[in-house]
Structure formats: C-alpha cells, structure tokens
Amino acid sequence: MKSEILYPGAFPMVRVELTAGEHIKAESGAMVACSPTIDIESKMEGGFLGALSRKFLTGEKFFFQTLRASRGPGEALLAPTVPGEIVILELDGVSEYMVQKDGFLAGADGIVIESKMQSLSRGLLGGEGFFILKISGKGTLVLNSFGAIHKIELKPDQEYIVDNSHLVAWSSTTSYNIEKATSGWIASVTSGEGFVCRFRGPGLVYIQSRNPGSFGAWIRQFIPVSE
Amino acid sequence: MTSNALCFGNDYPASGAPCFVQVDEAGLTITFESEGPDGTREAAPFDALAVSAGGLDHDHLVVKWTGLQGERTLYLKAPDVIGAFRQAAPDHLSLPFAQAAELVRQVRYRRRLVWGLSLGMILSTVLGLWFASDLLVEIAVSRIPVEWEQKLGDSAYRDFLANQEVIKEGLAVTALGEMTQRLTEQIPNNPYKFEVTVVKSDVINAFALPGGHVVVFTGLMKKADSGEEVAGVMSHELNHVLQRHGLERIVKSLGLLTVVTIVLGDQQGLVGMMKQLSVELLTLKFGREQEIEADVTGLQLLQQAKIDPSGMIHFFERLSEKDEGRMEWLSTHPMSTGRAERLKAELAALPKKSPEPFTFDWKQVQASLGSQPIVAP
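Residue numbers (the working numbering), protein chains in the order written: chain Z, 396 to 622; chain U, 1464 to 1840.
One should not assume that every hint holds.
Unchecked claim - Each computed DSS-like pair below joins lysine-lysine, with the alpha-carbon atoms no more than 27 Å apart:
1) U:K1748 / U:K1614
2) Z:K496 / Z:K546
3) U:K1527 / Z:K529
4) Z:K546 / U:K1815
5) U:K1826 / U:K1685
6) U:K1527 / Z:K546
7) Z:K575 / Z:K533
8) U:K1663 / U:K1748
9) Z:K546 / Z:K529
10) Z:K550 / U:K1527
11) U:K1527 / Z:K533
12) Z:K533 / U:K1748
13) U:K1540 / Z:K550
14) Z:K533 / Z:K511
15) Z:K575 / Z:K550
16) Z:K575 / Z:K496
17) U:K1748 / U:K1715
18) U:K1656 / U:K1769
19) Z:K496 / Z:K529
20) Z:K550 / Z:K533
21) U:K1540 / Z:K511
22) Z:K529 / U:K1540
23) Z:K550 / Z:K511
24) U:K1807 / U:K1685
25) U:K1631 / U:K1614
26) Z:K529 / Z:K550
27) U:K1540 / Z:K496
28) U:K1540 / U:K1527
29) U:K1748 / U:K1685
30) U:K1631 / U:K1656
Unchecked claim - A few chain U residues that face chain Z, going by a derived Cβ cut-off under 8 Å, partial list only:
31) A1468
32) G1518
33) V1577
Quick caveat, the hints were computed from the structure, so don't treat them as lab data. Ideal Cβ placement from N, Cα and C applies to all residues, glycine included.
Pulled out of the complex, with its shape left as it was, chain Z reads as follows (with noise of 0.2 Å):
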C-alpha cells in the first residue's frame, strides 16, 4: 500500500495504490473513486459481535470497506467527511495508538482495530466517550480530523496539556488524566476550556485544530427554525 495526500490542506484526499491482490480497509464510504480493478467489499471488522460493539460502543460506523485489487493493480481516491487535514503513520509493529473514534480513515490489510473501554473518568470527561480505537499492528494507517492536524512530541515525562475535545490519536506510551482547566470549578466553566487532558510522555499525541462539537454549537445558531 503506497499513499500519498492529494490537495493538502481542508479539503484533501489519500491516493492508494494496491499492487495485485492486496487489500486496504477503509471507514465505510470513504470511497471517491477508484480503479476498475478494484472491488469494494462491505466487511464486519472483528466479526458480527465486534462490528456490533463498534457501532453502538464507539459510534464508529458498523462497516469497514475493504477494497481489494483482485483483477490486478490499481489505485483509489480516499476522503473522509468532514474538512480537516489528512496523516498517515507508519506502524511498525510495536506502536499503538489509540484513536478518537471519528478518526480513522484507512489501514494496510495489517492493520488491527480494537474497541476499547476507557475508565470512567476518561470515558464521562475525556471527550472521546467510554469507547475508542485502539489501532496496533503493521503497515499503513491514515487518520484524518477536523481542521489541521497537529503532532506533539513528548519526551519521557514531559507534560502537555490538551482540550480534551481537540484529540485525535496518542500513543499507548503516553499517560494521561482529566484535569480540571482552572484552579476553580466557575471559573472552569466559565473558560470555556471545562476539562482538559494532562499527557505525560514518551511518545505522540496528534491533536486537530478545530473542536467539533463547538463548530456544532456555533452553526446551529444559523439555521432557520422550521415551525
């Protein structure tokens, strides 16, 4: 599987190109476009129960694509739905990263996808609800966010802060607790920030320039009401 971002920036697409019979998986119509070669096969990653936890733990969606180069080589266009930057790590077999569960775009055929229950404290304040993928294996991964993505590099016991709603993917080496923003539970509130993630490295934290669920709260002011 060789990537390449397209058009990077807010709007951008992954170019895939699979030799003959090699197969990617990929979120569930991300599929722009592709080679005539390439089948598009509906599969239930982990099996019926694991799909099923996928879907209703981590709102992830209940299908993954897999797209298959069975009638020999070809290439395919890639998009997820929202606009924001593109990454694609390279997974080597010890690495894990834990992803938020809208996440994902695409993997190699080695790319393993787990749900995973967080603690309760992660899971009520973290932001990225009680179930996230845990993504392990080797080969290709490409993640996409909303906004810009930006990488954090952690040393061995430095501490970052982030907003918990800004998060997109840290490696399993990486700790971290909710904190409250402020010393104060009003002025928390007040600052808009509520609850924040205190990581402790080594390791990386990718995080998204724009937060979701307030680019929600700020539109909705704009559509009409209907009767």
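On the provided structure of chain Z, position chain U as indicated by the hints.
Coordinates of chain U only, in the frame set by chain Z:
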C-alpha cells in the same frame, strides 16, 4: 527479528525506536532494527536498570537507565520478555518489579470496581424505578382531578349505552337505588356522584366506570338469590371507583413516561389522550390486587351499611362453582374458592353487626324484570 519494544531517548524520534530486547545473565541486549543489516546493539546491565509500570493503562513495563548515549527509556509490553526479565533480574530489582505488578493490579482492580459500582448504581436505579412504579402510578393518579375522571367515564358510558336497552323505571331501578343510597351514605367525603343504570341483557355482569357510573345487567339480577347478593357486587364495583382502579390501569398502560409527566405537573396534554382511551375502559380488566382490594373494601362497606355481607360471599361461591353460561362477570372477575375463603376470613375479623333488611321484596323485583328468573340447575 521482530521488534518487541519501543526505546526512547534523545537521539530517537519521539514516537520511539522499535527494537528487539533479549534477556541474558548480565542484563538486557537491545537491538535496533532500523540501522544497518545487523542493526546496532546496546547492552544494559541489570545494575543500571530501574523498572516501573507505565503507559496509558499502566500495562507497559518501563525500564530506565543511563547508557553511553545518554538516558534511555524502554517500553516493554510482550509478556514473554517481561517474564524472562523478571526471572533473570537480580534481587535489587525484585522490589520495583513487585511494586510495578502491584500498581497494574491496583489500576485494573480500581477500574473494575468503578465500572462495577456505576453499573450497579444504574441497575439499582432501573430496578428501583421498576418496583417504585406502582407508587409512582398512585401518585400520578392522585394528581388527576375527579372532574376529569367523570368526563372520561361519561364519554365511555355514552359509547356503551349507544346500543343498549336501558330500564329507566320500575322495581329493579328503585331496588338498586336503595342499595346505592345505603352504601354511598357510608362513604365519608365521597367525591363521586354514583349513578346506577340497569341494562336489559341476559349477560350476568356488572361494571363500574371511573367517575361513578355503575352498570348492572338484568341477567345478574335474575341470577342473584337475594338483594344482598346484588348489593355485594355493587359494593365491590363502587370500591373499584373509590380506589380509582380504572385510572390506575389507564395510567399504567400509558407508560412510565406519562406517569412522570403527570407527577411533575403537566396534566393538560393528557386529557386528550385519555378521551381516546375511554372506549378501552369498557374492556378494562383490573389486576388481581385491585380485585382483592375491591373485595375487602366492598365487604367493609357492606358491613357499615348494615347489609348482610354473607350475600356477597354466597354469590361469589355460587359463581365459582358453576362456571357456565354467559357469566361475563367471571371473565373480568376470576373466581376462586380462595377468594371467597379470604372474604370469609375478613368477615370473621370484622365486628358483628346486625343486618337490616331491604325494604323491597327481591322476588317481586325479579318478577318485574319480565321473564322467568334463571333457576340454578
């Protein structure tokens, strides 16, 4: 060679360098896959190592040491490597190892405990609501004004009478009027205006609607051996009204959400919904508890009105013996000898009162109904 760990250090990328860790007698040997065909090797003697638990869920073993190239941090997750490391590690590492293992256990235990507790709380709330629903229904019913109940009953009553022949005057009507008066006189603070209607039909039945309409079929009156037996049925039906059993059933069938709405005060939207339900009132079946309640309170009412309560018990017993004919009263009032027995026990517990007979002659009342009384075979 497959990597089994991530190594962090100043000269490595922040995502960590994949490496292969081997355990031998002297310490750990770390081989990095990225550089050269053989990779570069680094040795970490046991003396230099410090171990702890780390990572997102404290499920990694973190090994730290200062090597020739500066500070190194190793994140191990593979159980076989961790196991071999722990086996080979000298004594000074066993305590940190035990502490790390304890931390992992604590984190897991705490997480299970928190999840268990919160699921338990959710479950107990649901169960509590389930069992408290009867209480909620009672509260909801008590908030519905009597006028609404009467309107509801009125419309059901009109629906029912549309194709029934009503007996408006005669001995039967006066006899039932006398029973009703004697019974209702004994009800303190009675908010209902009871109206008894005699309907010409051979069906052995009688029913009450919310708000105070009581309908008695001539079939029941022909079947009864005495006025006291009919009075027993009447007393039972009146108590369905007084205990607001019909409303309870309606509110229950409307669902918990409606109940909560009524309890919280929004009754307005409910009127329309309840009007639609008025037809269903006619086929309404009361619950077992409601029947028993109406039996017992009915018996007490008879006693207060100085009407011989044994009439009620006799009638029930006769119905339970002969489950035949068009005894519709049976279908909504499941008879059992147990029910009559219960009433006998209740009666025995009540203070004895000398009954006063009715002013009418029951045989004449029955004769006024036209056809021959149905003689029990």
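Taking the hints in turn, this is what the structure says about them:
no.: 1; hint: U:K1748 / U:K1614; result: 20 Å, holds
no.: 2; hint: Z:K496 / Z:K546; result: 18 Å, holds
no.: 3; hint: U:K1527 / Z:K529; result: 26 Å, holds
no.: 4; hint: Z:K546 / U:K1815; result: 90 Å, violated
no.: 5; hint: U:K1826 / U:K1685; result: 9 Å, holds
no.: 6; hint: U:K1527 / Z:K546; result: 25 Å, holds
no.: 7; hint: Z:K575 / Z:K533; result: 36 Å, violated
no.: 8; hint: U:K1663 / U:K1748; result: 22 Å, holds
no.: 9; hint: Z:K546 / Z:K529; result: 18 Å, holds
no.: 10; hint: Z:K550 / U:K1527; result: 13 Å, holds
no.: 11; hint: U:K1527 / Z:K533; result: 26 Å, holds
no.: 12; hint: Z:K533 / U:K1748; result: 66 Å, violated
no.: 13; hint: U:K1540 / Z:K550; result: 19 Å, holds
no.: 14; hint: Z:K533 / Z:K511; result: 19 Å, holds
no.: 15; hint: Z:K575 / Z:K550; result: 24 Å, holds
no.: 16; hint: Z:K575 / Z:K496; result: 23 Å, holds
no.: 17; hint: U:K1748 / U:K1715; result: 12 Å, holds
no.: 18; hint: U:K1656 / U:K1769; result: 21 Å, holds
no.: 19; hint: Z:K496 / Z:K529; result: 10 Å, holds
no.: 20; hint: Z:K550 / Z:K533; result: 23 Å, holds
no.: 21; hint: U:K1540 / Z:K511; result: 17 Å, holds
no.: 22; hint: Z:K529 / U:K1540; result: 15 Å, holds
no.: 23; hint: Z:K550 / Z:K511; result: 25 Å, holds
no.: 24; hint: U:K1807 / U:K1685; result: 24 Å, holds
no.: 25; hint: U:K1631 / U:K1614; result: 22 Å, holds
no.: 26; hint: Z:K529 / Z:K550; result: 22 Å, holds
no.: 27; hint: U:K1540 / Z:K496; result: 24 Å, holds
no.: 28; hint: U:K1540 / U:K1527; result: 15 Å, holds
no.: 29; hint: U:K1748 / U:K1685; result: 24 Å, holds
no.: 30; hint: U:K1631 / U:K1656; result: 18 Å, holds
no.: 31; hint: A1468; result: 6 Å, holds
no.: 32; hint: G1518; result: 5 Å, holds
no.: 33; hint: V1577; result: 5 Å, holds
Comparing the model with each earlier hint shows violations of hints 4, 7 and 12; every other hint is respected.
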